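Protein chains: 2
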Amino acid sequence: MTTNSLHAFDQALQLRADAPGQYQGESPKPYWNMVGPFGGITAATLLQAVLQHPDRLGDPLALTVNYGGGLVAGSFQIQAVPVRTNRSTQHWTLSILQSGPDGAPVVTTTGTAVTALRRETWSAGDALAPQVPKPADLQAIPPAFEVEWLRRYEMRPVTGVIPQVWDGSGDHSLSQLWMRDAPPRALDFCSLAAMADIFFPRVWLRRARQVPAGTVSITVYFHASQADLAATGDGYLLGQARGQEFRNGFFDHSAQLWNEAGTVLATSHQIVYYKE
Amino acid sequence: MTTNSLHAFDQALQLRADAPGQYQGESPKPYWNMVGPFGGITAATLLQAVLQHPDRLGDPLALTVNYGGGLVAGSFQIQAVPVRTNRSTQHWTLSILQSGPDGAPVVTTTGTAVTALRRETWSAGDALAPQVPKPADLQAIPPAFEVEWLRRYEMRPVTGVIPQVWDGSGDHSLSQLWMRDAPPRALDFCSLAAMADIFFPRVWLRRARQVPAGTVSITVYFHASQADLAATGDGYLLGQARGQEFRNGFFDHSAQLWNEAGTVLATSHQIVYYKE
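One line per chain: the protein sequences are P and C, in this order.
Per our numbering, the first sequence runs over residues 1 to 276.
Per our numbering, the second sequence runs over residues 1001 to 1276.
Since the hints were made in silico from the structure, they are not lab data.
Incorrect hints may appear among the rest.
[What the hints assert, rightly or not] Where chain C lies over chain P, by a calculated footprint (3+ residues, C-beta under 8 Å):
no., stretch
1, 13 to 22
2, 109 to 120
3, 216 to 222
4, 250 to 256
[To be verified] Anything over 10 Å on all C-beta distances counts as not near chain C; from chain P, calculated:
no., residue
5, Asn33
6, Pro130
7, Leu150
8, Ala186
9, Phe200
10, Ala230
All values derive from a computational prediction rather than experimental measurement.
For glycine and all other residues, C-beta sits at the position ideal for the given N, C-alpha and C.
Take these sequences, add in the hints, and give me the full structure.
The following block contains the structure:
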C-alpha cells in the first residue's frame, strides 16, 4: 500500500524551526484520541524536535515524557534544549507549550531525552520474544473504540484484547499484539516511540471495567540502531505490556517491542492515572 | 542502634533554600562512589528539593533523573520548578548545576518529577514479592568493593551477589537482596528513591566481568503512601533487579522494592552505560 502524498505520521510530525531548539507544530487531528492527541504522537513529536536539532549528537537512547495536560486543537510550541553534551552522550530537556485560556503560554508537556553515539560491544538479549503466531496467521482488528488515532495503526492481537464485556471479571493485564503503521511506513525512532504507547490502559483489562484513565509519564529506552530500524522496514512489531502495581488511582506497566526477527527494539514503562 | 547526631542520609540531604525552588547543597562524602556521589543519593536530593518546595502538591508519584556528568566535591545548586499544577497532579522540572573548570555553571543532572494527591480506589498488586528467606535468616555482607556509600547500607543478599571471580562465566542478571539504611532509619520517599538505585550494574553479573559502567537515566514510580512508609518504619526492603537488553554499550534493567509485609513500595527502571 503506497501513496504519493505524505504519510499521516510524517504530516503529524512536521515542525517549523523558529530557532535552534524552538519549534512550532500543529495538534494532529488524524491522531486524535478522546480529548487530545494520542500520547504516543506527542512523545514522537518531542523526539522529532531532538532529531531535527542541528547540534544533536547520536541516536535516541532514553526518552521520558510527562503529560501535564492534554494538548488542544491548534498550534503548539516545542522547546528542545541540549543542556549537556559529553563525548558520547547528550542530555536534553523538552517541553511543549500552548496558549492558555487567557492567551499566556501554558506548559502542557515536559520531558527529557538522552541521545548517544553507540559502538559495538558484547551484547546479550535477556528479554526474549514470546513464542506467538505470525502476523499473517492472525486477524487485523477494527478500532476497539471510536477515536481517530486507532485508524492509523494496523493491530493483530495475540492475546489480551480490550474486553468485549465490562463485567468486572478481569484477572490479568497481559497484552501481546503485532502492530504497524496503517498504511505501512518504514520504522524510525519517532514511530517506535509512538508505538511504545499503543497499549490501552492495563486497568481496563485487569478489571474488565472501562474506568477513565490516562498516561501521566512514559519512559522509552531505545535498543535499536539505525541498522535494526532498516532491517525492520515496514514489517510488524510485536508489542507486549503487563501491569505491575495498581494502587489508589495509579498503576504502572512494563512493555517490550520486538521486530519480526525477534530483536528487542525498545523497552518502555509508564505510570497511568485511573479513576475509582 | 541510635545516635543523637543527624543520620548521614539526612545530613547528605540538607539543602539551603535561596528562593523557592533554588537550593544549595554539598556533595556528600559519606555517600561517595568511585568518582562522585552514589547516583541514588543524587536522585534522593532532587526529590528532597521537590518535597521542600512551599508550593508542592501531594506525594511523589514519578521521578526521572538523568546523569549528565558526575558531581564533584563541593557545593551544587538545585533548581526544582513546578511548571504545571493540576487539581491532583503537579509536574516538576529538575536540574543540578556545579561550577565548571572556568567557574561558569555546568548542568550535571537533569530530571522531572510528578507529585500527586491520591485517593482510595480499587487496587491490585500483580508484582508479587518472591518467596525468599527472611532477613534474619541471611547474612549481612561487607561492602563488595571499597567505596564509602556501600557502608551506608546494610545488605543481606538472597541471590545474585557480585561475582567473586571475574571469569566471564555469567549467565543471568537477577539479584534479590534485603536492604536498609545503616544505621537503620525510618523509610521516607527520599530514602526509597535512593534504594531504588542500590543495585550494582547488571552487566557485571551477566558477564562475570567488571567492566566500567554507570547509570545514564533512572525512573522511579512510587506506589507507597505515607501510611505504607510508616508501616515499613526502619524495617528491611526486598529489592529485585534484572537486566532486559544489553546492546552496544547500554543495558536496561527493571527493579521492584517490597517491604517485609510484601507491599510494593516502588518500581524502577534504568538504562546504564557499559564499556567493551
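Right, here's what the structure says about each hint:
For the stretch 13 to 22 of chain P, the assignment as covered by chain C is violated, since 0 residues bring a beta-carbon within under 8 Å of that chain's beta-carbons and 3 are needed. Under a criterion of three residues with beta carbons nearer than 8 Å to beta carbons of chain C, the stated coverage of the stretch 109 to 120 of chain P is upheld, 8 such residues being counted. Evaluation of the coverage hint for the stretch 216 to 222 of chain P: fulfilled, as 4 residues show C-beta separations to chain C shorter than 8 Å, against a requirement of three. Coverage of the stretch 250 to 256 of chain P by chain C holds [criterion: at least 3 residues with CB-CB distance below 8 Å; count 4].
Listed as a non-interface residue, asparagine 33/P keeps its Cβ farther than 10 Å from every Cβ of chain C; the least gap is roughly 18 Å. For proline 130/P, the condition that its CB be more than 10 Å from all CB atoms of chain C holds, with the nearest at approximately 14 Å. With 10 Å as the threshold on Cβ separation, the claim that leucine 150/P sits away from chain C holds: the shortest Cβ distance comes to roughly 26 Å. No Cβ of chain C approaches the Cβ of alanine 186/P within 10 Å, the least distance being about 21 Å, so the stated non-interface status holds.
Every CB of chain C lies more than 10 Å from the CB of phenylalanine 200/P, the least distance being 17 Å, so the non-interface label holds. Against the 10 Å criterion, alanine 230/P stays outside the reach of chain C, whose nearest CB is about 15 Å from its own CB.
When the structure is compared with the earlier hints, a violation turns up for hint 1 alone.
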